[in-house]
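Trainee: Please build the complex by placing chain B on the supplied structure of chain A, with the hints as guidance.
As a plain string of letters, each chain reads:
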Amino acid sequence: MEHQAVVGAVKSLQALGEVIEAELRSTKRWELTAEGEEIAREGSHEARVFRSIPPEGLAQSELMRLPSGKVGFSKAMSNKWIRVDKSAADGPRVFRVVDSMEDEVQRRLQLVQGGQAEKLGEKERSELRKRKLLAEVTLKTYWVSKGSAFSTSISKQETELSPEMISSGSWRDRPFKPYNFLAHGVLPDSGHLHPLLKVRSQFRQIFLEMGFTEMPTDNFIESSFWNFDALFQPQQHPARDQHDTFFLRDPAEALQLPMDYVQRVKRTHSQGGYGSQGYKYTWKLDEARKNLLRTHTTSASARALYRLAQKKPFTPVKYFSIDRVFRNETLDATHLAEFHQIEGVVADHGLTLGHLMGILREFFTKLGITQLRFKPAYNPYTEPSMEVFSYHQGLKKWVEVGNSGVFRPEMLLPMGLPENVSVIAWGLSLERPTMIKYGINNIRDLVGHKVNLQMVYDSPLCRLDAEPRPPPTQEAA
Amino acid sequence: MPTVSVKRDLLFQALGRTYTDEEFDELCFEFGLELDEITSEKEIISKEQGNVKAAGASDVVLYKIDVPANRYDLLCLEGLVRGLQVFKERIKAPVYKRVMPDGKIQKLIITEETAKIRPFAVAAVLRNIKFTKDRYDSFIELQEKLHQNICRKRALVAIGTHDLDTLSGPFTYTAKRPSDIKFKPLNKTKEYTACELMNIYKTDNHLKHYLHIIENKPLYPVIYDSNGVVLSMPPIINGDHSRITVNTRNIFIECTGTDFTKAKIVLDIIVTMFSEYCENQFTVEAAEVVFPNGKSYTFPELAYRKEMVRADLINKKVGIRETPENLAKLLTRMYLKSEVIGDGNQIEIEIPPTRADIIHACDIVEDAAIAYGYNNIQMTLPKTYTIANQFPLNKLTELLRYDMAAAGFTEALTFALCSQEDIADKLGLDISATKAVHISNPKTAEFQVARTTLLPGLLKTIAANRKMPLPLKLFEISDIVIKDSNTECIQYVGAKNYRHLCAVYYNKNPGFEIIHGLLDRIMQLLDVPPGEDKGGYVIKASEGPAFFPGRCAEIFARGQSVGKLGVLHPDVITKFELTMPCSSLEINIGPFL
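So the protein lines, in turn, are chains A and B.
The UniProt record's numbering puts the first sequence at residues 1 to 477.
The UniProt record's numbering puts the second sequence at residues 1 to 593.
Rather than coming from a laboratory, the hints here were simulated on the basis of the structure.
Just to be clear, a hint being listed does not mean it is correct.
Unchecked claim - The calculated lysine to any residue pairs, modelled on SDA-like cross-linking and capped at a C-alpha distance of 25 Å, are:
#  : chain 1 : residue 1 : chain 2 : residue 2
1  : A       : K397      : B       : E23
2  : B       : K383      : A       : P313
3  : A       : K284      : B       : I117
4  : B       : K467      : A       : H192
5  : B       : K395      : A       : A304
6  : A       : K366      : B       : T397
7  : B       : K64       : B       : D137
8  : A       : K198      : B       : A406
9  : A       : K280      : B       : T111
10 : A       : K450      : B       : L578
11 : B       : K395      : A       : P216
12 : B       : K383      : A       : G358
13 : B       : K443      : A       : R249
14 : B       : K383      : A       : V421
15 : A       : K397      : B       : E37
16 : B       : K443      : B       : D425
17 : B       : K145      : B       : V86
18 : B       : K133      : B       : P94
19 : B       : K202      : B       : N187
20 : B       : K395      : A       : R324
21 : B       : K483      : A       : R327
22 : A       : K450      : B       : D571
23 : A       : K450      : B       : Q448
24 : B       : K435      : A       : N328
25 : B       : K7        : B       : I91
26 : B       : K88       : B       : K306
27 : B       : K467      : A       : V186
28 : B       : K145      : A       : Q242
29 : B       : K133      : B       : T245
30 : A       : K396      : B       : I38
31 : B       : K88       : A       : Y378
32 : A       : K280      : B       : E144
33 : A       : K397      : B       : M379
34 : A       : K397      : A       : D465
35 : A       : K280      : B       : A115
36 : A       : K450      : B       : N465
Said to hold, decoys possible - Reference listing, derived: stretches of chain B covered by chain A, where coverage requires no fewer than 3 residues with Cβ under 8 Å from a Cβ of chain A:
#  : stretch
37 : 60–72
38 : 318–329
39 : 358–365
40 : 373–379
For each residue, glycine too, the CB sits at the ideal point set by N, CA and C.
Only chain A is shown next, with the shape it has when bound in the complex (with noise of 0.2 Å):
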């Protein structure tokens, strides 16, 4: 009887559940191939090469010919049974060195045949095997008994549940095949959205939760004027360096600026006023007009608050964006040339630093970020400035995670704003709390269209105040 057929019929009786028990015993041992079992019958192929050659010598090219010829002549010429003269008259001739061999491969051959395997040595099985002419076969025996629901009469297992089953009711006699639950299911087809636009879907969910508006973005291009003049940063000011910040060659000038405006920044930059001193330089209107890539969200903050002082009477606000942002900086595992903002701006009457620490709390709370720590720091257009800082467990030290401060009255009476107002404003990128927060290394596996769609396909929900999943182990690597 044919050996699979046993291994088949053992293996369907083990499928029906507990008819038999069958315990897997495998063997190995050696057989001889097909070219094996040739060569133990006919010889070697270089022993019939060295048989075919006469006396008096064989053309090379006629020994070629011979079905043993290409492998059994090199190995011949190495064992160094035959020669050949190069110089014959009428080409290459190969003649026979020794008058006799021993064929040893068949030899060994022929002992493997006999069951005798064991008498080889390691190297020369071995060798036999590289030469295709041997193979190690595992044999697979089973020692069969009786299972638990022995029966000698089977009945096939149902796999599936079927509508005919139902009506006929069938499916109370018959016995169902087990489901395999450690296998995986089949994932749904679907779509799938980008893991950072989910944050960016959770942070406009809890402004929207703390009542705050969100102000129109959608102008990546912006004029200096309102990306820094407007913001009390002065013309000289390094982030306005070519080296920082993406200019525009067309179109390279704003055309349009509001001129009565304009005139109050540039007197209070060249001249000071509303209390200050100003910078006192020479403020030049064209250096106002270039254009760039908005180098933060701050320009349309500016333009919400400016549109903001001109509706009377003034009434308190609570706005944000989020939205991307451009910076000609050098690139890095961290830094892109364009990333997203987050900004939160409140503008009321008589707001403290006490308020604005108040509401970072809370909007930080929201991220699962309670330990909080503030640091004096400064930024060209608030003052007060505070870094805010996070206690970041895994990394076992305060790490930054956003940048705060009250915007300058050189900045807000300009626009219009009463003089008792005051704006207190917040800003972090989208990309760092998402990195961490995914441990996410380089920016370019979380960004851009390098990212891997698997990483798409696989990331989970995004709920910023449940508590973070272990680090990925590929970060302790």
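Mentor: Okay, now just chain B, sitting in the frame of chain A:
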């Protein structure tokens, strides 16, 4: 943010006590500084150039401290120590005095030739100074820090310091043709003309960055003494003749520049920081500068300004309740000598010449808050009552994103900046036809233009994910930018964002019906019925260089063209390094608001 590196032991010696690293870090944090790194010269060299080079270097522990960009008075060990000692109330802030010399005042005369290149100059003298190696190094380092920061890499202000005993005044600050300027510069053994020097310094790793400031000007600025000795050729190099050393006793300082205010600040900072080592501590000898119009000024200004701030304003801005006396004490700790005057609620604050960063009452409020301790301020919630609104375009975007994913498409997030090739050549378009905005200073081709379509980003995403199982179904809803000459446009900048929705289907078959079906679904979601009636949508055969001929249609909705869909042209597929057929859809969602 500038980083100042100081020797730890020298710092502790000057502070009169030692700190653990943690304690010092804490002190920095409180004061608004950041202990960025603890290192040594050896460590720095070994990190940058390898262990071999570092072999002989010093093991002395260095603190690298980040200083706020507007605090020029903290850019050297002397200033840091003074600031921290006053903060900790261990010393009183010194009073800086300008004094007239016993003999003749040093004079610097500016000629009118400087007007077009570098019109301003200020000067002062540090008399009977006593350097040590560390003090001298700090003096040089401070100039470098000032050059890099407030001086904007010497463009706004350049500093020259000279051994006054090697020179004889009066000095002349003028501008000459480069070929007419000849002198022996610092660290050279012979004389060169200015033209030769500019050539030599092209390969100087330090100086090459400053050449552009004067390179193409017909006249170069230069300062001479009364014997024709060149003091300096600002902003490039000083003369070797007047170089200062550890043994120099009398220093002539000149600052030239294009920004008068900053030149005065820079001079004030140098003399306030280093007059500490003068025989008469914290006194600076005046110098006279005569401007081309004949007017003469005395420097350094060392101006003390008085500001008046009401105590309740500080309390109200910070959110604390401190007495005026306490607030005055807090401010005094911040180097702002303050006292309560008038009705007992007014605080008079003296702004010293070291604190050029104080330009408004809000700067004073901040210092009070820092001295009070940010982390001691009671947190409260503003009572501002507001109703939140979403930006309509973003609200629509959010809603559509979820339903695009529900329709089986996966969201991509691609860059808004790209190469011209991405939006033009690769899509079979001429760049001029794209109406793209162009960036003038991209460091690489990846940032030449803002994208005018989302399609290239999605195709590049597919190219980076070719190993993923097919089909790939991607979408993105994001902004593209188009030049816009409409001056009515509220942004006034000459360019406008449009919110696009783009989707691609990439498989062994083009799947036009799938992209078409997605369009039908999107229109269903937007409540736009099929049909040509106003308010409905229809697609009409069209063509475009990005599409396979006969496989492109234009989408009309609510009476206007909103985009295109179709099977991509094989050339487009190939140029994006793809191998399978692909169909795409891109619409502007603005009209559906």
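Trainee: Evaluate each hint against the coordinates.
Mentor: Against the structure, the hints:
A threshold of 25 Å between alpha carbons decides the hint, and for K397 (chain A) with E23 (chain B) the separation of about 15 Å falls inside it, so the pair holds. For the proposed pair K383 (chain B) and P313 (chain A), the alpha carbon gap of about 18 Å is at most 25 Å, so the pair holds. For the given pair, K284 (chain A) sits about 17 Å from I117 (chain B) by alpha-carbon distance, which is consistent with the 25 Å threshold. Pair hint K467 (chain B) plus H192 (chain A) holds up; C-alpha atoms about 18 Å apart against a cutoff of 25 Å.
The hinted pair formed by K395 (chain B) and A304 (chain A) meets the criterion: a straight-line CA distance of about 18 Å does not exceed 25 Å. Under the criterion of a C-alpha separation no larger than 25 Å, the hint pairing K366 (chain A) with T397 (chain B) is consistent with the structure, at around 24 Å. For the hint pairing K64 (chain B) with D137 (chain B), the CA-to-CA distance comes to about 16 Å; that is within 25 Å, so the pair holds. The straight-line distance between the Cα atoms of K198 (chain A) and A406 (chain B) is roughly 14 Å, inside the 25 Å bound, and the hint therefore holds.
Annotation: proposed proximity of K280 (chain A) to T111 (chain B) holds, straight-line Cα distance about 23 Å (limit 25 Å). Using a Cα cut-off of 25 Å, the hinted pair K450 (chain A) and L578 (chain B) holds, with the two alpha carbons roughly 14 Å apart. The straight-line distance between the Cα atoms of K395 (chain B) and P216 (chain A) is roughly 11 Å, inside the 25 Å bound, and the hint therefore holds. Annotation: proposed proximity of K383 (chain B) to G358 (chain A) holds, straight-line Cα distance about 11 Å (limit 25 Å).
With a C-alpha separation of about 14 Å, the suggested pairing of K443 (chain B) with R249 (chain A) holds against the 25 Å cut-off. For a cut-off of 25 Å, the pair hint linking K383 (chain B) to V421 (chain A) stands: about 14 Å separates their Cα positions. Using a Cα cut-off of 25 Å, the hinted pair K397 (chain A) and E37 (chain B) holds, with the two alpha carbons roughly 14 Å apart. Among the hinted pairs, K443 (chain B) with D425 (chain B) is consistent with the structure: their alpha-carbon atoms are about 20 Å apart, no more than 25 Å.
Distance hint between K145 (chain B) and V86 (chain B) is fulfilled; the C-alpha atoms sit about 23 Å from each other, no more than 25 Å. Distance hint between K133 (chain B) and P94 (chain B) is fulfilled; the C-alpha atoms sit about 24 Å from each other, no more than 25 Å. The hinted pair formed by K202 (chain B) and N187 (chain B) meets the criterion: a straight-line CA distance of about 16 Å does not exceed 25 Å. In summary, the hint linking K395 (chain B) to R324 (chain A) is supported, as the alpha carbons are separated by about 17 Å, within the 25 Å threshold.
Restraint check: the Cα-Cα separation between K483 (chain B) and R327 (chain A) comes to about 21 Å, which is no more than 25 Å; the hinted pair holds. Under the criterion of a C-alpha separation no larger than 25 Å, the hint pairing K450 (chain A) with D571 (chain B) is consistent with the structure, at around 22 Å. A hinted pair counts as satisfied when its Cα atoms are at most 25 Å apart, and K450 (chain A) with Q448 (chain B) qualifies at roughly 19 Å. A C-alpha spacing of about 22 Å is found between K435 (chain B) and N328 (chain A), which places the hinted pair at or below 25 Å, so the restraint holds.
Using a Cα cut-off of 25 Å, the hinted pair K7 (chain B) and I91 (chain B) holds, with the two alpha carbons roughly 21 Å apart. Restraint check for K88 (chain B) and K306 (chain B): the C-alpha separation of about 23 Å stays at or below 25 Å, so the hint holds. Our distance criterion of 25 Å between C-alpha atoms is met by K467 (chain B) and V186 (chain A), whose separation comes to about 20 Å. At roughly 21 Å between alpha-carbon atoms, K145 (chain B) and Q242 (chain A) fall within 25 Å of each other, so this suggested pair holds.
Of the supplied pair hints, the one linking K133 (chain B) and T245 (chain B) holds, its CA atoms being roughly 9 Å apart against a limit of 25 Å. Of the supplied pair hints, the one linking K396 (chain A) and I38 (chain B) holds, its CA atoms being roughly 18 Å apart against a limit of 25 Å. For the given pair, K88 (chain B) sits about 21 Å from Y378 (chain A) by alpha-carbon distance, which is consistent with the 25 Å threshold. Distance hint between K280 (chain A) and E144 (chain B) is fulfilled; the C-alpha atoms sit about 24 Å from each other, no more than 25 Å.
A distance of roughly 23 Å separates the Cα atoms of K397 (chain A) and M379 (chain B); the hinted pair therefore holds under the 25 Å criterion. Of the supplied pair hints, the one linking K397 (chain A) and D465 (chain A) holds, its CA atoms being roughly 20 Å apart against a limit of 25 Å. Between K280 (chain A) and A115 (chain B) the alpha-carbon distance is near 18 Å, which keeps this suggested pair within the 25 Å criterion. Of the pairs offered as hints, the one joining K450 (chain A) and N465 (chain B) holds, with about 8 Å between alpha carbons and a cut-off of 25 Å not exceeded.
Coverage of the stretch 60–72 of chain B by chain A holds in this model, with 4 residues showing a Cβ closer than 8 Å to a Cβ of that chain against a need of three. Judged by the Cβ-Cβ criterion of 8 Å, the stretch 318–329 of chain B is covered by chain A as claimed, because 3 of its residues qualify and three suffice. Counting residues of the stretch 358–365 of chain B whose beta carbon lies closer than 8 Å to any beta carbon of chain A gives 6, which meets the minimum of three for the stated coverage. Counting residues of the stretch 373–379 of chain B whose beta carbon lies closer than 8 Å to any beta carbon of chain A gives 5, which meets the minimum of three for the stated coverage.
In terms of the numbered hints stated before, the structure departs from none.
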